[in-house]
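The residues making up each chain are set out below.
2 protein chains.
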Amino acid sequence: MSVDYGQRHGAELAAAAKVAQRLGAVEHRVVMLDLGQFGGSALTDSSLAVPDAGVKGEIPITYVPARNTILLSLALAWAETLQAQHIFIGANAVDYSGYPDCRPEYLKAYEAMANLATKAAVEGRKIKIGAPLIDLPKKEIVKLALELGVDPAETLTCYQPDAEGRACGACDACRIRKTGFADAKIPDSTRYRR
Amino acid sequence: MSVDYGQRHGAELAAAAKVAQRLGAVEHRVVMLDLGQFGGSALTDSSLAVPDAGVKGEIPITYVPARNTILLSLALAWAETLQAQHIFIGANAVDYSGYPDCRPEYLKAYEAMANLATKAAVEGRKIKIGAPLIDLPKKEIVKLALELGVDPAETLTCYQPDAEGRACGACDACRIRKTGFADAKIPDSTRYRR
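Those sequence lines, one after another, are chains A and B.
Oh and the first sequence: position 171 is 168 in this note's numbering, straight run, nothing missing.
Oh and the second sequence: position 8 is 5 in this note's numbering, straight run, nothing missing.
It should be emphasised that the hints constitute simulated quantities derived from the structure, not laboratory data.
Note that the Cβ used here is the ideal one computed from N, Cα and C, for glycine as well.
The list that follows gives simulated cross-link-like pairs (lysine to any residue, SDA-like), each with its CA atoms no further than 25 Å apart:
1. K116/B / A90/A
2. K125/A / Q34/B
3. K116/B / Q34/A
4. K116/A / E102/B
5. K175/A / R19/A
Output of the computed footprint for chain A on chain B, the stretches with three or more beta carbons under 8 Å from beta carbons of chain A:
6. 28 to 34
7. 74 to 88
8. 105 to 116
With the rest of the complex left out, here is chain A (with noise of 0.2 Å):
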């Protein structure tokens, strides 16, 4: 499942569709909602300028109000209806912006409450949620990738891609991602605009 929730570019979204249907999915859910609506971050207001300048020890603006529990809850309210009990996330603590919601301890307090929230639950059906990505530096996400058969070409970090889905290569998201490659001391096949 993914969100189409007023993300600055559709790049995310294809690199998605594409990387599901690889990877044999049965089905890849778009969901519609404009987290724009409440502002406040550069990620859905074309008018904040994503920042360059390199990544700092506080919170960007590139974080989204509540992003990840809405997309959380959002997949919880479909897992139930398909029976499902496991959800995973691509979070990642290591290497990170200094998202909240990307730590540990968020996703463990989201999980509690989700065993409290739904019916499936409450008749025994408990929910797991796995970021199997949480732990890893970039660097071992890279190698974990092509391990895995996955092209990193075909997915997207960028903040902000072009029309095509090229990276710009600037901003905090594709700066980690670059240092991730050189780390593994793999070629960087990122399609980059620059």
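Following the hints, complete the assembly by docking chain B onto the known chain A.
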């Protein structure tokens, strides 16, 4: 904030707008999010009948998967943008129809999660989830409404009102509300269509 989530009718949203206006709310925002796309509930799927055979011990088909979790998450995003720290929800655990996401332990877990989820909370602006009706029997809610000058005829409880917003008088929600007026020995001013 109300959510137009694909409920069977717009009467609930119209009632919320009217009550918000009477109370002098600065803004009544309606967020669009189609929960019907996940299915699984008589409240969003018009092919499923709303039960009217009386309240039983089990969780009814009017349960909407993860509904309150989604509603609170949207409210959390907006609260963070507004720098608000209080979110109120009308959940009620007494006389309730068996919804897991109307229980105090659920709301407590939600609050704990929210305080790990947001930039605001991490920076010290803690979120409080208020549910002023949670412990009140319907009888007390009816009395409280009258004390506070809220006209019950302007509020809506029914799962399947008609186009004029008149209650069916037969669904579980109507039954529980009727009992509340009877127990409070207050004439029921609800607009019924039969």
